[in-house]
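Taking the hints into account, I'd like the entire structure generated from these sequences.
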Amino acid sequence: MNPKTENFLLAVEGLTVSFDGFKAVDDLSFYLDPKEIRVIIGPNGAGKTTVLDLICGKTRATQGSIRFGGKELTKMKEHQIVHAGVGRKFQNPSVFEDLTVFENLEVSYPQGHSVMGALAFKRDQAVIEAVEGIAETIFLSEQLNEPAGLLSHGQKQWLEIGMLLIQKPDLLMLDEPVAGMSVAERKKTAELLRVITRDHTVLVIEHDMQFVGDIADRVTVMHQGKVLSEGSIDHVKKDPKVIEVYLGH
Amino acid sequence: MKTNSTFQWLTSREGVYYLLLALLLVVVLPLSLDSFRLNMVGKYLTYAFAAIGLVMCWGKAGILSLGQGVFFGLGGYCMAMFLKLEASTPEATKHQSTPGIPDFMDWNQLTELPWFWQPFHSFFFTLIAVLAVPILLAFIIGVAMFKRRVGGVYFAIITQAIAAILTILIIGQQGLTGGVNGITDLQTLLGWNIRTDAAKNTLYFVCVALLFLSLFVARHVQNAKLGRILVAMNEQENRVRFSGYDVASFKVFVFCLAAALAGVGGAMFTLQVGFMSPSFVGIVPSIEMVVFCALGGRYSLLGGVYGALLVNAAKSGFSESFPELWPYAMGALFIGVVLAFPNGLAGLYARYIMPLEKRLPVLGKYLDKDDSVEPQAPAPVSDQLSAEKP
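Which chain is which? The protein sequence lines are A and B, in order. Sequential numbering from 1 applies to the first sequence in the working numbering. Sequential numbering from 1 applies to the second sequence in the working numbering.
Everything labelled a hint here was simulated from the structure, so no lab data went into it. All values reported here derive from a predicted model rather than from experimental measurement. Please note that a few of the clues may not be correct.
Unchecked claim - Within a straight-line C-alpha distance of at most 25 Å, the following computed SDA-like cross-link-like pairs (lysine to any residue) qualify:
1. K58(A) with V153(B)
2. K122(A) with N234(B)
3. K168(A) with D246(B)
4. K58(A) with N234(B)
5. K147(B) with S18(A)
6. K58(A) with G62(B)
7. K77(A) with E324(B)
8. K168(A) with M145(B)
9. K147(B) with A120(A)
10. K147(B) with M76(A)
See below:
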């Protein structure tokens, strides 16, 4: 084991997943520093979402390793990966529409995650304060007692981000957080991400280059399951290979 | 403090609904029905246990089991084995070639009591077994299925297959189980004759008490965070998983809970009806239990109870006049419920009758002050939301 990898929060090395011979992710390596904001861009089918699936355990790697804070994630179960400190937001907003906003956040509160724990869980002051605090961050203080099903698309996206934040993860993974949002909602989301990125490491998939430029420390460009280019936004924008396959002339 | 909050609950909308059910079961029905009819209501109520279990398992967590008859039957058989052993004293069976064993074993040339019958000499063991045997089987099925992420229709089909397998097993092993006739001729419980009217009346009240106990257990689970996780799991399983929950263990838990409730129902069935047979175990009774739950309202615990009562009362009334038509009527009822009012009677009540409650002379005043949306009777908004689900 390379001791240098231990300095990274997340070290992905030689990661490969093959679906019936098709390599969606092919010998991929990248490293994330603590508190870094990394954006993955790339054309459709480049394997961006699959990378997030592999990190959070939804998909199992065929080969390679994912080291996170000294732990090997490829061998762990999904809920163990969450407890290790990895939060994942899905592309489509997945919130619990039958539950209220408060209950949505409460379910994600990092306590009482075993069956018996969930049975004994009490809604104490600490929980209420945590939920109200997060609700304020995600602009949903007014909607706490509404069923999440009544929220707008953008509000659902925020709620799901809030559900991640309340878990206090070390690494937040967001899959297209501004897709389908209005201009006003995009602005607010960028603002929200700026707040979040103060004390989290964030891995984002996004297409909106304006938005990417606003938030990214570094950008990884993926193409056909491999890293095509990596560096600052200006660096990748000038890279002829990136212009060729993704940005266009 | 404690009594105060209990009092507050009893005067809340939900509390009043529970009180009304208690009034119906403890006062109105016993006063208005003769012993025979009351015993029949007691029998219907045993299905309500299974229906409550299905509300938790299917309504809340979205796990449709078409094999609840298995657990009902296991609970019932456990109790029947105990009662049969008590009835098979050496004196009572002295004409058999092997006295002291159940009559059907003697007919099948068995000469000693099988090993798994031995512990059922103990009433204490039997009481534990009524809960433990269904839970154990549910646990094994649950772990085997849910850890492998088997769910939905596949799970329903497997539970139905298990119902068929258990029926075939019971019928095939006549010497060990009493076969197709079941375990019959049950007389006494710890020396107390359970066939008298007085005993049947007492058993009815025991059944009602246990039903309320089960309702409170289910309600406690539903109102704990566990209950919200079940609902959440039903909707967005992956979101729950990636919020740090081991989804499979929650499914196993609720499936075991439903099995335990069905088991208690089965044991009370045996006590009140006086026998147990494979016809209460197989596919048809299992599906009937789903119908009780669907008609009553699969999101509502009290709905499950009323569903079991009403469908069974209809079944008795209908099959007394047109016995061969009942299966068709029930099938039509089920299709009608699913198409016309997927949230069952509880959904209809919440949408059409709840708004009228304010006009009630005495009760209206109580109900009016508490307009909170409570879990067992969804208000119109959540009603519509859940109706939109496929």
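Now for the hints, and whether the structure bears them out:
About 22 Å separates the Cα atoms of K58(A) and V153(B), which keeps this hinted pair within 25 Å; it holds. Straight-line distance between C-alpha atoms of K122(A) and N234(B) comes to about 22 Å, which keeps the hinted pair within the 25 Å bound. Taken as a hint, the K168(A) and D246(B) pair is honoured in the structure, with Cα atoms around 18 Å apart against an allowance of 25 Å. Proposed proximity of K58(A) and N234(B) is supported: the alpha carbons are some 18 Å apart, at most 25 Å.
As the CA atoms of K147(B) and S18(A) are separated by approximately 24 Å, the hinted pair is consistent with the 25 Å bound. Using a Cα cut-off of 25 Å, the hinted pair K58(A) and G62(B) holds, with the two alpha carbons roughly 21 Å apart. At most 25 Å may separate the alpha-carbon atoms for a hinted pair to count; K77(A) and E324(B) exceed this at roughly 53 Å. A C-alpha spacing of about 32 Å is found between K168(A) and M145(B), which places the hinted pair above 25 Å, so the restraint is violated.
Distance check on the hinted pair: K147(B) and A120(A) sit about 24 Å apart at the alpha-carbon level, within 25 Å; holds. Taking the CA atoms of K147(B) and M76(A), the gap is near 14 Å; set against the 25 Å cutoff, the hint holds.
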